[in-house]
Structure formats: C-alpha cells, structure tokens
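Please model the complete structure; the sequences and the hints are all you need to start from.
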Amino acid sequence: MEEMVRLEHITKKFGNNIIIPDFNITIYDGEFITLLGPSGCGKTTLLRMIAGLETPTSGKIFLADQDVTSLAPYKRDVNMVFQNYALFPHMNVEDNIRFGLTMKKVPKEEQETRINQVLYLTQLETFRTRSPLQMSGGQQQRVAIARALVNNPKVLLLDEPLGALDYKLRKKMQLELKNLQRGLGLTFIYVTHDQEEALTMSDRVVVMHNGVLEQDASPDVIYHAPKSKFVASFIGENNFFDLDGNKALAIRPQKIQLCKEEDETSAGNNKVKYGTIVDVVFCGTIDKIYVRMDNSNDTVVAYQYLNDTIPWKCDTRVGVWWEKKDEVIVEK
Amino acid sequence: MKKNWHSAVLVSYSLAILAFLYLPLLILTLYSFNDSRMNAVWTGFTFKWYTALLHNRRVIEALTNSLIIACISTFVSTTLGTMAAIALNRYTYKFKGVINGLLYLPILIPEIVMGLSLLVLFSQTGIPLGKNTLILAHITFCISFVIITVGARLEGRRFDLEEAASDLYATPWQAFRYITLPLALPGIIAGGLIAFTLSIDDFVISFFVAGPNSTTLPLYIYAMVKRGISPEINALSTCMMMTTICLVIVSQLLQPKKKSN
Amino acid sequence: MKKGKLLVLPGMMWLAIFFALPMLIVVAVSFATRNSYGQVIFNFTLANYQRFFESLYLRIFITTIFTAIFTTVITFLMGYPLAYTIAFLPKKWQQPCLIMVMIPFWINFLIRSYAWVIILRSQGLINTFLMKAGLIVKPLALLYNDYAVMLGMIYALVPFMVLPIYVSIEQLDKRLLEAASDLGAPPMTAFRKITFPLTLPGIATGSILVFISSLGMFVVPDIMGGAKSALIGNIIQNQFLAARDWPFGSALSIVLGVLALILIMLYYKVLEGQKGGTNNEKELA
Numbered sequence: 001m002e003e004m005v006r007l008e009h010i011t012k013k014f015g016n017n018i019i020i021p022d023f024n025i026t027i028y029d030g031e032f033i034t035l036l037g038p039s040g041c042g043k044t045t046l047l048r049m050i051a052g053l054e055t056p057t058s059g060k061i062f063l064a065d066q067d068v069t070s071l072a073p074y075k076r077d078v079n080m081v082f083q084n085y086a087l088f089p090h091m092n093v094e095d096n097i098r099f100g101l102t103m104k105k106v107p108k109e110e111q112e113t114r115i116n117q118v119l120y121l122t123q124l125e126t127f128r129t130r131s132p133l134q135m136s137g138g139q140q141q142r143v144a145i146a147r148a149l150v151n152n153p154k155v156l157l158l159d160e161p162l163g164a165l166d167y168k169l170r171k172k173m174q175l176e177l178k179n180l181q182r183g184l185g186l187t188f189i190y191v192t193h194d195q196e197e198a199l200t201m202s203d204r205v206v207v208m209h210n211g212v213l214e215q216d217a218s219p220d221v222i223y224h225a226p227k228s229k230f231v232a233s234f235i236g237e238n239n240f241f242d243l244d245g246n247k248a249l250a251i252r253p254q255k256i257q258l259c260k261e262e263d264e265t266s267a268g269n270n271k272v273k274y275g276t277i278v279d280v281v282f283c284g285t286i287d288k289i290y291v292r293m294d295n296s297n298d299t300v301v302a303y304q305y306l307n308d309t310i311p312w313k314c315d316t317r318v319g320v321w322w323e324k325k326d327e328v329i330v331e332k
Numbered sequence: 001m002k003k004n005w006h007s008a009v010l011v012s013y014s015l016a017i018l019a020f021l022y023l024p025l026l027i028l029t030l031y032s033f034n035d036s037r038m039n040a041v042w043t044g045f046t047f048k049w050y051t052a053l054l055h056n057r058r059v060i061e062a063l064t065n066s067l068i069i070a071c072i073s074t075f076v077s078t079t080l081g082t083m084a085a086i087a088l089n090r091y092t093y094k095f096k097g098v099i100n101g102l103l104y105l106p107i108l109i110p111e112i113v114m115g116l117s118l119l120v121l122f123s124q125t126g127i128p129l130g131k132n133t134l135i136l137a138h139i140t141f142c143i144s145f146v147i148i149t150v151g152a153r154l155e156g157r158r159f160d161l162e163e164a165a166s167d168l169y170a171t172p173w174q175a176f177r178y179i180t181l182p183l184a185l186p187g188i189i190a191g192g193l194i195a196f197t198l199s200i201d202d203f204v205i206s207f208f209v210a211g212p213n214s215t216t217l218p219l220y221i222y223a224m225v226k227r228g229i230s231p232e233i234n235a236l237s238t239c240m241m242m243t244t245i246c247l248v249i250v251s252q253l254l255q256p257k258k259k260s261n
Numbered sequence: 001m002k003k004g005k006l007l008v009l010p011g012m013m014w015l016a017i018f019f020a021l022p023m024l025i026v027v028a029v030s031f032a033t034r035n036s037y038g039q040v041i042f043n044f045t046l047a048n049y050q051r052f053f054e055s056l057y058l059r060i061f062i063t064t065i066f067t068a069i070f071t072t073v074i075t076f077l078m079g080y081p082l083a084y085t086i087a088f089l090p091k092k093w094q095q096p097c098l099i100m101v102m103i104p105f106w107i108n109f110l111i112r113s114y115a116w117v118i119i120l121r122s123q124g125l126i127n128t129f130l131m132k133a134g135l136i137v138k139p140l141a142l143l144y145n146d147y148a149v150m151l152g153m154i155y156a157l158v159p160f161m162v163l164p165i166y167v168s169i170e171q172l173d174k175r176l177l178e179a180a181s182d183l184g185a186p187p188m189t190a191f192r193k194i195t196f197p198l199t200l201p202g203i204a205t206g207s208i209l210v211f212i213s214s215l216g217m218f219v220v221p222d223i224m225g226g227a228k229s230a231l232i233g234n235i236i237q238n239q240f241l242a243a244r245d246w247p248f249g250s251a252l253s254i255v256l257g258v259l260a261l262i263l264i265m266l267y268y269k270v271l272e273g274q275k276g277g278t279n280n281e282k283e284l285a
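Heads up: the protein sequence lines correspond to chains C, B and P, in order.
With my numbering, you'll find the first sequence wraps up at 332, consecutive numbering, no jumps.
With my numbering, you'll find the second sequence wraps up at 261, consecutive numbering, no jumps.
With my numbering, you'll find the third sequence wraps up at 285, consecutive numbering, no jumps.
Everything labelled a hint here was simulated from the structure, so no lab data went into it.
All residues carry an ideal CB built from backbone N, CA and C; glycine is no exception.
Hints may be right or wrong, so weigh each one.
Unchecked claim - Examples of chain B residues lying across from chain P (beta carbon under 8 angstroms, computed): (1) TYR31; (2) ALA52; (3) LEU53; (4) MET83; (5) SER117; (6) VAL248.
What the hints assert, rightly or not - Residues from chain P that keep clear of chain B, each with C-beta distances beyond 10 angstroms, as calculated: (7) THR33; (8) ILE41; (9) GLN50; (10) GLU54; (11) SER55; (12) TRP116; (13) LEU140; (14) ALA141; (15) TYR144; (16) PRO159; (17) LEU176; (18) ALA179; (19) ALA180; (20) ASP182; (21) ARG192; (22) LEU198.
See the structure below:
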C-alpha cells in the first residue's frame, strides 16, 4: 500500500506542558483510520498538526512523501471537517462549498461540475442556495463534508464531526461516512472519543492516552486483544484481576458466566470464584449483574441476556467463572 | 415587569428624567423657529434664522472646516483603529498593560488635559495651529473609540472560520478579505460613524488646538454664545443636534442585536 | 512572530506620539517657568506645584471635588432607576429606549448647556413666563451661579451614568431573582440583596466616568456660571489662554490628571477584587 501520511518523532509542548512526547505513525492510502482517546489525550492536536493549523515543537510531517512540517495550511492538500462545522455564515451552501475552489483558482466550468457532483454525493441538491444558519445540525454537517470533499484532497481530516448530533442521526451518519470513504477511496483520518464509533467505522484504530500511542490495530484486535489496561478499560467494559508483576487479567463481562452457589457443574473444569450480587441494572438488551467478590474489594460485572434461565436478584450468593480462552493478559 | 405600584413609580420617575433630558433640547429646537429676536416671547413661526445661516459666510466656512476635518479624521482613525482592533482581538501581546493604558486613558482622562497637552506639543515642536493640528488632534481621540467599538463587534469573532478558510487554501490576506472583514464590517462602519460624530461635535480639544483662521462649528457656536444670545445660534445648534441624532441612530442600528436568552 | 501582530502598531504609535508624548511634555513644562513673553523656559522648579497650595487655588480645587461628588451622587440617583426601568422593559423596547437616553450623550456639552441658558437667563423662558403671569416683578437670577453650574453638570452627565448601569443590570442573570423569590424574598429585599450588589460594577463604572468628567469640566461653568463659579477646569483653561502661564496650567492639569489616574487604578483594583471574590466563591462551592 502506498504511504499517505507519516509522522516522525512528533512532539508538542504548550508552554511547559508536554502534550505529545514522541509520536510516530504511518498512514496508508485509502485507509479509514481513527485516533481514539479521552479528552485531552492529544488526538485533536495531532489532527490539527496534519492540517497545518498547529506546528509541532519538533519532528516531521510527511504528506505523500513530501515534508510539509513547515508548510502553511493553505498550501497543504488536505482538508478538514471541523467539530462545529465552521460554515461561513455570510455565504450560502453553494458559496461555502465553492470557497476552496475559488482560492485554488479552479476554472468556472469545472467549479460547477464539481459542486454539482458533491451536492449529489451528500444529498444537498435542494439546499444549494440555503443559508447555513437555517439548516439543522445534520444538514450543516453534510455541507461541511461537501465543502471539504469538493477539493479532492488526498486526505480528509474529521474532528469529532458527529459529536453534536443525536444518537440515531449519529448512527446514520456513521454509515454514510463509511460508505463515502469506501466509494471515493480517500484516506480518512477521524478523531473521536466515542469508542463505539471508532470500532464501527474504522479499518484501523489508534488508541491514545496522554499523548502516547497505546495501541495501533484493527478494531477486532483492539477489542479482543488489548495490550494495556488502559485500552482494555477504554474499549467496552472489562473486569480486571491483578496478577504478579506488571500484569493484570482482563475478562469481558459478556464472557463471564454465573452459576448457583450449590451447583458448580455448569462450570466444567473452570475455576469458580464466589461472591454476592450487589446490583442488577436493566440496560435494554442486557442485564448488568454486579457481584462483590469474597475476600476482596473487587466488583465484577457480568452481562446476562434475555434467554438466560436464571433471574438473578440482589443479595444472592453466586459462583463466577469463565473459559480460560477468553482471558486476556494486559500490561498495567 | 412587576405589575404593581413599584413599577408605576419607577416608570413615572424614568419618564420624568427622560423629560428632563429632552425638554431643554426641544425648547431650543422650538425657539429656532421663533420670529422674535428676544427669545422668550413667541411671535411667530419662521425659517429666517436658518436661511440667515446659509448666507453667513463664516458659518459656511466653519461648517466646511468641520466636515473636512471630520472626514479625514474618520478615515485615518477608522483605518488605524480597525487594524489595531483586529490584531488585539486575534493575538495576545506581551505589553498588555501599556496597550490598555494607551487605549483607555484618552477616554478616561478629562478632555481638557488632552486638549492642552496637544497644544503644548504643537507649540513646543513649532507646528502652527490650524486645520492640520485639528485633524491630528481629532484622529487621536477618535482612535480609541474606534478600537473599542470595532473590538466589541469582534467579540463574537470565530477563529475557527478563519482556520477553515486557511484549510480551504486561502492565504492569510484572502482569509481576512473574504471572511474576517465582511463579518466585521458593521462594527467598522459603526466605529467610523462614532468617530465622525465625535469629530463634528468636539469642542474642548478643538478649543485648544485650533488656529485663528480655522474654526469649527462648535467653536463658532461658542464664540457666538460668548458674544451674546442670537436666534441664529438656536438654528445652528438645532442643525448640529439633528445631525448628531441621525448619526447616532444609524450607528446604533448597525450594532449586533443581542440574542435573547 | 506572526506578521498580523504588527497591525496594532500604527494605531499604537499614533497614540504614543499624540497622546503619551504630549503628556510627558506637559509634565516637563509643569516644572518649568515662563518669561515675560509667556514663553516656556525649562529651568527646573517646584514653584508651580507650590502655588497650587495657595488658598485660592486649593479652595477652588476642593470646591471642584465637592461639586464632582455631588454631581456623581445626583446623577446616580437619577440614572439608576432609569437604567433599571429600561433593563426590565420587554426586549424590543430596550434598544430604542437606550438610544433615546444616549442621544443627549452625543450632543456636545456646549449646545446642551446653551439650551439651559435660553431657559434660565433673565430674558429666558422661565423668567418671561413668570413675569407674564405676574408672579414676579424682577427677573430671577437663575443663571450665573453655583446652582446653575451644578444643574448643568448633572444634565450633561446623567447619560454617562445610565449606560454602564444598564449594561450591568441587563447582564444580571434574572434566574437569580427567580431563585430569591422561590426562597421567600419579597421584591424589595431581592433588589437589596441580589440586584444591587451584583450591579455594583456598573455603578462603579458610571461613577468613575461622571466623577472624572466633572473634575475636568470647564464648558458648563464657563457658559452657565459666572466669574465666581470657576472650577479648576476654568482656571486651567485660563492659564493657557488669557494668563499665558503654561507652566502653572500644566502643573494644575498634572494634579488633575494624577487624581484621575489614581481613581482609575483604584477602580480597577476594586473591580479585580470583586471578580476574584466571585471566583473564590465558585471554588469553595
């Protein structure tokens, strides 16, 4: 695969704060890669550095093998979809989209063709002359995407674009964005703190924490084989048991089985631990059972599904077990 | 609004004060149409004092001076002030204290101090008093007002729009021209109008830096008042008032509408 | 350094040359003397400042201060209720009413004082009316005294007080008053304990503006006061014109300027203190 973006030893300091100590990554052509992490982990800063809106304190940025580290944003062939869209309020949809083409002095006829194409792509044809101020969040978001895409950038940067939308709309837009990326074959670099979103849309997920790359892998690997306790706990829910040394044992709630105290047979050869149920929470598709383990302060959470036969209640004694193959050892 | 006697008292009191503010001005306007030379007795409605003004060469000269000075001062102060306001809004500066001092002191210090300091400056540097010194002085006190007015409009400025423009291949100048400037324009015009109003109306500072042959309208009015009451003063004052009122209303209409919570 | 930062330079340079520099020269002149032609001679002397402490000038200065205080208090009593009323009007009336109050602000002091001259002078409106009505025989000396000057100053400066107070009241979170009412406070108490304290910054701003303007005022005393009603502004003006004693005039205006500066700095200190206090409360909560 062709290399598209490369970050070499990128560091970023604001005053005396080191936001990003030493970041390295190579992003390939046609990938949908997501930078995932909690607020303040540096993911947006990295994105902005690729766009040219921030400069790294040290390190190099390469775009299609060209060193762009000191290049201004308006000279880079990347475009960004901003978090709150940043649509120009004094221009209508068409003029917003046209802006980049005007700046690059694209001939008028070509401008029209490209604008028409992108309006079709984002289903905004009827909004051509509308003012952004009169549009819903979802519509504004599509204008922002159209405005970026019309310039045929090599890389599209998306800074938490779906954050302001409600749940259903967000789900819909996630699919649309994924299809758009696949259809156009562009490289998408996506930033979000929503791990579900990252897993749904991405070919590759980069989990960040305090400016450090925790793990860089496909969504499947990130979920089932997290390398560190941070990744294991940030992605989905997880239970942890401390082990010797710098390691911990992680087991997903849906892999935990419960059995009655008297009846160990269902556990087979697996070791059973005992505890008391302290809370049962109804979450729609699942029940979350919280068990306080004997002889320790650990609380384990287990998912129980509708077709499980035993309706668990609080203050019941219960046996907790799992298959050895579902265990994951992580660094603490 | 509380609908009880509290509000009745408040409203009446407020109306009384408004009346207090406007009554003298209304009386002045009224008497500019009075036929009588001795103001107080009303003898008839006439425009003759206004027509007399049009034929008064010195009034025309003062008016011309005022307009020229106001136009030049407005242009220069609005340009310098807008540039400064945009920069102050966008960047943080090291010497914030000095900048704030230079910015706000001209407004807070009594005008008389500013006026005489300019007089001292001009005389000690050998610049003869005249239209030029008036222009220089007017620009000086207008700049601060322009910076504050434009600055207030820039408060809602969205740097993300400028970043978006940059992301869309606009050079800094293009981003300024297509994004920052159009959005700031109402504020700039408001600032310009305020500068114009201040210049036309200025008395105290002009008093100190005007030369013998360069009168402005307010200075002319002062000279007339000192010499004695004449209905022409009423007419002239009324004209100035009306001009000021129009300028203020237009400038206020350009201020951003406050969003209701 | 970003090139855009330089944009601030032309404006600031202008102010440095035409505002800061002249002030410095005035300070220098205040320590100078003059010769018989009225020209400034730069020998260092404190004589000008010493003259300030002569009883004549000191008395006028103190009178000016008291006049300024009185003006500030009266304009406050007039301005606060007006600002309050406007701030609680329905939204669409607020801007027009505010413009109405601010229009006199922009019309210069000269015209506004002159309007009162027409009303108050011996052949003015009031006297003519009273004499025609047979209530008096001789015209009243309403003009050219200290009271006329006071009236003129208050009239000139009420708008200065209204705007900052209005801004302060308008920015008040009205839900605080709802909360007060919910907790059992009747309207007057809510005003006393919530509205008034929270609008103190606006009151401070208005008061500073009025007070400093009063200190330097010379137009109003000149037009509406007589020879006996001179305030420090008139004295200063006189030094620069008729008396041609620029060093003394400079000294007086430096005293005036320093007084204004001290007040402004005090005002900022108090304002910072207020803000700091509120922040501390937030942290504690």
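The hints, checked one at a time:
| no. | hint | in the structure |
| --- | --- | --- |
| 1 | TYR31 | holds (6 angstroms) |
| 2 | ALA52 | violated (18 angstroms) |
| 3 | LEU53 | violated (15 angstroms) |
| 4 | MET83 | holds (4 angstroms) |
| 5 | SER117 | holds (4 angstroms) |
| 6 | VAL248 | holds (5 angstroms) |
| 7 | THR33 | holds (15 angstroms) |
| 8 | ILE41 | holds (12 angstroms) |
| 9 | GLN50 | holds (20 angstroms) |
| 10 | GLU54 | holds (21 angstroms) |
| 11 | SER55 | holds (23 angstroms) |
| 12 | TRP116 | violated (6 angstroms) |
| 13 | LEU140 | holds (13 angstroms) |
| 14 | ALA141 | holds (16 angstroms) |
| 15 | TYR144 | holds (13 angstroms) |
| 16 | PRO159 | violated (7 angstroms) |
| 17 | LEU176 | holds (13 angstroms) |
| 18 | ALA179 | holds (15 angstroms) |
| 19 | ALA180 | holds (13 angstroms) |
| 20 | ASP182 | holds (16 angstroms) |
| 21 | ARG192 | holds (13 angstroms) |
| 22 | LEU198 | holds (16 angstroms) |
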